[in-house]
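A.B. asks: Listed below, chain by chain, are the residues.
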Amino acid sequence: MSAGAIAALIAGIFSSMGMGGGGIMIIYFSIFTNISQILAQGINVLFFIPIAVISVVIYHIKGMIEWRIALPFALCGILSSYLGAYLATVTDDKILSKLFGVLLLIMGLKQLFSSGEKKDKDNKKLYRIDR
Amino acid sequence: MDKEKENKDKDKKKKPHSVIGGIITGLINGLLGAGGGMIAIPFLSRVTEPKKAHATCVAIILPMCVSSAISYMSSSKVTLSDVAPYVIWGVIGALIGTVLLSKLSNVFIKKLFAVFMLWAAARLIFR
Numbered sequence: 001m002s003a004g005a006i007a008a009l010i011a012g013i014f015s016s017m018g019m020g021g022g023g024i025m026i027i028y029f030s031i032f033t034n035i036s037q038i039l040a041q042g043i044n045v046l047f048f049i050p051i052a053v054i055s056v057v058i059y060h061i062k063g064m065i066e067w068r069i070a071l072p073f074a075l076c077g078i079l080s081s082y083l084g085a086y087l088a089t090v091t092d093d094k095i096l097s098k099l100f101g102v103l104l105l106i107m108g109l110k111q112l113f114s115s116g117e118k119k120d121k122d123n124k125k126l127y128r129i130d131r
Numbered sequence: 001m002d003k004e005k006e007n008k009d010k011d012k013k014k015k016p017h018s019v020i021g022g023i024i025t026g027l028i029n030g031l032l033g034a035g036g037g038m039i040a041i042p043f044l045s046r047v048t049e050p051k052k053a054h055a056t057c058v059a060i061i062l063p064m065c066v067s068s069a070i071s072y073m074s075s076s077k078v079t080l081s082d083v084a085p086y087v088i089w090g091v092i093g094a095l096i097g098t099v100l101l102s103k104l105s106n107v108f109i110k111k112l113f114a115v116f117m118l119w120a121a122a123r124l125i126f127r
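Chains as they are written, first to last, in the working numbering: chain A, 1 to 131; chain B, 1 to 127.
Among the hints, a few may not be true.
Examples of chain A residues lying across from chain B (beta carbon under 10 Å, computed) [said to hold, decoys possible]: (1) A11; (2) A88; (3) L103; (4) L105; (5) M107.
Calculated pairs, EDC-like style, for lysine to aspartate or glutamate (alpha carbon to alpha carbon, straight line, at most 16 Å) [as the list claims (entries may be wrong)]: (6) K52(B) <-> E66(A); (7) K77(B) <-> E66(A); (8) K77(B) <-> D92(A); (9) K62(A) <-> E49(B); (10) K103(B) <-> E49(B); (11) K51(B) <-> E66(A).
If you're looking for bench data, these hints aren't it; they were derived computationally from the structure.
None of the values given here were measured: they were computed from a predicted structure.
The C-beta atom is built at its ideal place from N, Cα and C for all residues, glycine as well.
Next comes chain A alone, as it looks inside the complex:
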């Protein structure tokens, strides 16, 4: 098993859980290979599609997807994600990889300092009030 296969396997696990697995592939490319940031991002976007299709089917069967929330949310993002991708293709690769670094930094700090269990409890409380 190559490093790429291991990265893809781990990325598949985290991606399907909606836990930022996309970052893993790009991190792998930036550490173990010399390909450009834009190619890494392009691969990651394509890579996520079959994973998401399978995950969505499984979660839908399990009744875990709130389509009433998902549909408007996704619709609002389709246009801006096309625009974002276009911006990426015209942005300098060095700037892009630094921007990605900043994103990882924010994501990492957020995840490190938010206590998962406490947050889960808070969310459950919120959810109950909401209901």
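Dock chain B against chain A, hints included.
C.D. replies: Frame of chain A, contents of chain B only:
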């Protein structure tokens, strides 16, 4: 009747989040090819329970990635053969991940992943 009205009120409350959240999530996910989920989750966590938020998040990111992929491919920044070697491993990972999510809430994994991201962030920023 009352319940229906209540649901409508709830929808009204949710819509602004969907618009702002959707636009920001899409923009970041398109621009950086990842990270959309991390932005969507806090928005989703306000209106549903954590596990459903993560599952719903995947459903949201899927159409966004399709839209970004069309953009990336039309400017020939990436081709299908670039991604081919990774797809099968990713799919196996997805099958594991969907089972794991039902048994989630592992703080240790979260922290480990956080440290991993910070290390990669430092590398990308200072290289």
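A.B. asks: Give a verdict on every hint.
C.D. replies: Here's how the hints hold up against the structure:
1. Below 10 Å, beta-carbon pairs count as interface contacts, and A11(A) has one with chain B at about 6 Å; its hint therefore holds.
2. Interface restraint check for A88(A): the shortest CB-CB distance to chain B comes to about 5 Å, inside 10 Å, so the restraint holds.
3. Because the smallest distance between the Cβ of L103(A) and any Cβ of chain B comes to about 5 Å, under 10 Å, the interface hint for this residue holds.
4. Given hint, L105(A) at the interface with chain B, holds; its Cβ is 4 Å from that chain's nearest Cβ, closer than 10 Å.
5. Given hint, M107(A) at the interface with chain B, holds; its Cβ is 5 Å from that chain's nearest Cβ, closer than 10 Å.
6. Between K52(B) and E66(A) the alpha-carbon distance is near 7 Å, which keeps this suggested pair within the 16 Å criterion.
7. Pair hint K77(B) plus E66(A) does not hold up; C-alpha atoms about 34 Å apart against a cutoff of 16 Å.
8. At roughly 13 Å between alpha-carbon atoms, K77(B) and D92(A) fall within 16 Å of each other, so this suggested pair holds.
9. Of the supplied pair hints, the one linking K62(A) and E49(B) holds, its CA atoms being roughly 15 Å apart against a limit of 16 Å.
10. Simply put, K103(B) and E49(B) have alpha-carbon atoms about 14 Å apart, close enough for the 16 Å limit, and the pair holds.
11. Taking the CA atoms of K51(B) and E66(A), the gap is about 11 Å. The hint holds against a cut of 16 Å.
Checked against the numbered hints above, the structure violates only hint 7.
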